[in-house]
Amino acid sequence: MIKLISASLLAALALTLAPAAEARKGQIQDIDFGAITCKAFLNDLSTASEEDAGAIFLWLDGYLSGVSGDTVLRWDGMSSFAEELVNRCQRRGNERLLDAARNVGLN
Numbered sequence: 020m021i022k023l024i025s026a027s028l029l030a031a032l033a034l035t036l037a038p039a040a041e042a043r044k045g046q047i048q049d050i051d052f053g054a055i056t057c058k059a060f061l062n063d064l065s066t067a068s069e070e071d072a073g074a075i076f077l078w079l080d081g082y083l084s085g086v087s088g089d090t091v092l093r094w095d096g097m098s099s100f101a102e103e104l105v106n107r108c109q110r111r112g113n114e115r116l117l118d119a120a121r122n123v124g125l126n
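For this note's numbering, count along the sequence shown from 1 and bump the result up by 19.
Since the hints were derived computationally from the structure, they do not count as laboratory data. Every residue gets a Cβ at the ideal spot worked out from N, C-alpha and C, and that includes glycine. Please note that the accuracy of each hint is not assured.
[Said to hold, decoys possible] If you anchor each label on the Cβ, the simulated ranges turn out as follows: (1) Glu70 x Val91: 19 to 25 Å; (2) Ser65 x Thr90: 30 to 36 Å; (3) Asn122 x Thr90: 28 to 34 Å.
[To be verified] Calculated pairs, EDC-like style, for lysine to aspartate or glutamate (alpha carbon to alpha carbon, straight line, at most 20 Å): (4) Lys58 x Asp118; (5) Lys58 x Asp89; (6) Lys58 x Asp95.
All chains should be modelled from the sequences, with the hints used to inform the complete structure.
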């Protein structure tokens, strides 16, 4: 089930992101979601593996759920959330990622 969701997220992202760079393949880095800008997020996401991309969006969902108190994981909304967040970040590169995620929200 998670692989299907990850594949759906990746398909949505493939429309807007450049292919992953081989130079970063296999590297693991911490992400400060409170400080990262949309531009940096898109750059990192463009080089992320399918599993890493899925984990990032699941983390963002969990964060937003913690802020809102919503405890339901809505699989069918994840793909549209990912696509809307990427679109917003492309338009607002200097916006903080968490601010963009809060504005997009999960449907």
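Comparing the hints with the structure gives:
no., hint, result
1, Glu70 x Val91: 19 to 25 Å, "holds (23 Å)"
2, Ser65 x Thr90: 30 to 36 Å, "holds (32 Å)"
3, Asn122 x Thr90: 28 to 34 Å, "violated (21 Å)"
4, Lys58 x Asp118, "holds (13 Å)"
5, Lys58 x Asp89, "violated (28 Å)"
6, Lys58 x Asp95, "violated (26 Å)"
Against the hints set out earlier in the document, violations occur for numbers 3, 5, 6.
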